[in-house]
Amino acid sequence: MSDNLSIILTAGLVATAAGLLGPFLVLRRVALTSDAVSHAVLPGIVVIWLIFHTRAPLPVIGGAAVFAILCVLAIDALKGTNLVRGDAAIALVFPALFSVGVLGITRYASDIHLDLDSTIYGEIAFSPFETLPIAGVEIARSIVLLSGVALVNILLVVLLWKEFKATTFDPEFSRTIGISPKLLSRLLLVAVAITAVTAFESVGAILVVTLLIVPATTAYLLTDRLWLMVATTLAIGWISAVAGYWGAVSVDASIAGAMGLVAALCFAIALFVSPSYGLIARSLQRRRRSRSVQRELALAVKPQGAGADT
Amino acid sequence: MGSLIDLLPLAYPDAVVVVGAALLGMTAGALGVFAVLRERSLVGDALAHSALPGVAVAFLVTGAKDVGTLLAGAACAGIVGALMMVGIERTSRIRPDAAIGVVLSSFFSLGIVLLTYIASTNNANQAGLEKYLFGQAAGLLERDLIVMAILSAISLTLVALLFRALKTTLFDPNFAGSVGLPVRVLEVAMTALLVVAVIVGLRTVGAILMVAMLVVPTVAARQLAGRLAVVLPVSALIGAVVGVTGALLSARAELPTGPVIVLVGFLVVMACVLLAPGRGVIWRARKLARDRRRTLTEGVMVDIETAIHAGPPPTAAELALVSGRDPRVLRRVLRRLDREGMLARDGDRLHLSEIGAAAAHAVLERRNLWSAWLEHGWQLQLPDAREPNPSDLRASLGDHYADRLQALAVKES
Amino acid sequence: MRSTAETLAAPALEVRRLTASYSSRPVLWDVDATFPMGALSAIVGPNGAGKSTLLKAALGLIATDAGQALIQGRPVKTSRDRVAYVPQRDAVDWDFPITVREVVEMGRYAQIGWVRRVQRSDQTLVADCLERVGMAAYASRQIGQLSGGQRQRVFIARALAQQAQVMVMDEPFAGVDARTEADILGLLQELRNEGRAVIVVHHDLGTVRAAFDWVLLLNVRAIAAGPVADVLTPETLRRAYGAAGGLETEEQEPRWAA
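From first to last, the protein sequence lines stand for chains A, B and C.
Per the numbering used here, residue 1 is the first one in the first sequence, and the count goes up by one each step.
Per the numbering used here, residue 311 is the first one in the second sequence, and the count goes up by one each step.
Per the numbering used here, residue 724 is the first one in the third sequence, and the count goes up by one each step.
Bound conformation, chain A alone (with noise of 0.2 Å):
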């Protein structure tokens, strides 16, 4: 496999199993807990390094996830006293991991030059350089790890879609017939939390946090369905992938930059053209709305009252 293919690939699969979970994150209004779980993860890589001296990628994923799964329990329990909104929890609790793992870097690991650029924030440009021997063919190791994590993504999403959707749109009403929504809540946390784990250690976080927010919060402009909007993150989630390392390559420039610009752009594009919720499609609703009010004012005032039946 070339490396261009192995990189759009890794990048299409990272926007295949954070668009799943995307939606949902923006439909609860939680999107921002990719970007906690983003800092909040260094404490376990510091940890594992102390622990067992690697920095090889399933260990460091696994003391990672532990901490990613910390961080958003710890933000949901903090919201369950009501004294602390969600978005002041999220502020609250991965800032502290954040300081752990500082702390402990510099404490401990000072001297393995444990730095963040490259330990968390994994570059996708090298992520075809680790392969895997599959049925005799060397596959990228990010290619494997990331096909798991969206595989068991679109079993979560597919087998538990209704659920999702009733504790989504009506937490209420579905703990009556007996759907949990602290249990889906929980649940999709977990999996955002390991998505972005796994995530991070190939492609770096940045563009992990944007494939998680931008292509489903451009969705959410663009439909009325809850699949399509699903679907249409996921599509533009490759878009961004495909046409962002075609840029990249171009002018050469980072990668995942220019992958998360391109997503930032046809979240841009969404804001303005989209046929329904875009501010150009508002406004000349408004306008017309408008006109036609002032025609009807105008039939009405007429003596003969032409304008009575409309």
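Simulated from the structure, these hints should not be mistaken for lab results.
C-beta: ideal position from N, C-alpha, C; glycine also.
Warning: the hint list may mix true and false statements.
Straight line, CA to CA, 25 Å or less: simulated BS3-like cross-link-like pairs of lysine-lysine [to be verified]:
#1 C:LYS800 x A:LYS162
#2 A:LYS182 x C:LYS800
#3 A:LYS182 x A:LYS162
#4 A:LYS182 x A:LYS79
#5 A:LYS79 x B:LYS597
Computed list of chain B residues with no C-beta within reach of chain C, every gap over 10 Å [as the list claims (entries may be wrong)]:
#6 VAL390
#7 LEU450
#8 ASP648
Using the hints provided, position chains B and C relative to the given structure of chain A.
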């Protein structure tokens, strides 16, 4: 500024850091109120991330690497990002969290692309630009403190001058608009103040940890106070105390300042959330358990009293049957009543002891008083909007009115 | 007479000594109440009397301090399939990308079970329910594009789709136009005639007198419960509404003259 630093019994560099942390904590504490209470706690996160492209553009445009220029770049990018957040929320159906997330991801992606571009233009000068994201309090200079102090003073004065308008807008933007306040301008102003706070913190604790500095003091202060006029100064105070404590601890332990400050703040918030009187998790849980227990005990006492009036004293099993209570729960309550000397047992038949009977009568009287309130309360002509608390009508209405209520009930019957 | 005896034997909803509180202030206090099957029942009382709280506690949605609730003689935990709940409408996100049909399908989720998908038979039932509330033509609309009355119809259709014997509604007529109110009331009476129990939190005593069979008068305590004509007397009303004087009916004697 210099004399203040000399006054502190600390080594000069440590003293600078402590003063910086106090300034930062105070400013972030006061200004963070306008993020947390608008449910936009993570605005700081987006502003912090948007500093990266700001720094990169400032470097590209000026070629300079001095702190002032780069921070000015970060501030400009922060204001652009803030306006975009407000704009996205205002003009579309996107919620604050997603708007923050979009701005955050877009700006940071842009920053990364710009950094790679700078790197590819072979300018060896660029190394370390991204270090601005992670703060180095140790590098703080007295000159930085003066800049911080001026920015803090300006923003805090602004808050003091606009306090009433800001409060109205925070609480009820629609009402604020209806009385002619420029709500949009005020909302942008609040976000602009946050930009100032983030810029002030960038050098000391770094961008990411700045998120916590904005939120910690307000959340803690909110647990302790209920009025904005109190929350704001308390928040500033908590911010300053957290900053100083963290800075001193980190100096002693030779650890980086930012993370220590943030962890101190986190502990303070957790303590407030758990222990705050009248509100904290533990306080509430204990109160709930106490109330439950009392309701249950009183209910069982009334059950016994009623049963005794109706016939022979009941056994525990009979009581469970009559009252429809879980026998296990009932046994537990009876044991508690035994301990408190409320029960007088006669074989396995249950009586109330003298104090038990008195307590049961008190409960019944409270309940009768409540019935009397429902029936005759409208005749009382209470002097103000006081409302009865069913569990203690006498205290909530005042003795005078409770007596009148009783008299009315007696007259009627 | 026999049928009366039977309905009394297994009431739709029975609340025993229910006590619930919000932060130390009792909202419900030792409430005993019974709602029969085959009747249209109302829970009425002044603001803050604990009407919604009673429903939520009965459905196990909030923790109670003491007491229990039985749906058709069994604890609510084991009889979720017997009761359908129509919450107050402001609780959901109207921008949610979901169609009218999908909302009504949610009524089937409990019967379908976890993981399994919505079947053809469920879709037929959903279509019937939409037809019954007059919303068949709007099945593919996004929920936010509907008027207040139409939204209420959709949530009633969702409860219908649950095919529960007991239907519980929290202020279904709040913010609904007169025609929708009449339509919904007619539908509820149909359900009653099918032998189901419909329990509605309501505040308009006029409607209750005219259209309901059974009523619980609530003011933190159960003031009175029973057939409408027996319960809604000037005496009990005065005890329920107390000094608030907030009676919506005009047939009351002028109390302030007393």
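Tested hints:
Simply put, LYS800 of chain C and LYS162 of chain A have alpha-carbon atoms about 22 Å apart, close enough for the 25 Å limit, and the pair holds. Between LYS182 of chain A and LYS800 of chain C the CA atoms are separated by roughly 17 Å; this keeps the pair inside 25 Å, and the hint holds. Annotation: proposed proximity of LYS182 of chain A to LYS162 of chain A holds, straight-line Cα distance about 15 Å (limit 25 Å). Between LYS182 of chain A and LYS79 of chain A, the direct Cα distance comes to roughly 12 Å. Compliance with the 25 Å bound is thereby established for this hinted pair.
Proposed proximity of LYS79 of chain A and LYS597 of chain B is supported: the alpha carbons are some 20 Å apart, at most 25 Å. With a closest Cβ-Cβ approach of about 27 Å to chain C, VAL390 of chain B is found to remain outside the 10 Å limit, as its non-interface label requires. The Cβ of LEU450 of chain B lies farther than 10 Å from every Cβ of chain C, with a closest approach of about 46 Å, so its non-interface assignment holds. With a least beta-carbon separation of about 20 Å from chain C, ASP648 of chain B lies farther than 10 Å from that chain, consistent with its non-interface assignment.
Consistency with the previously given hints is maintained throughout, with no hint failing.
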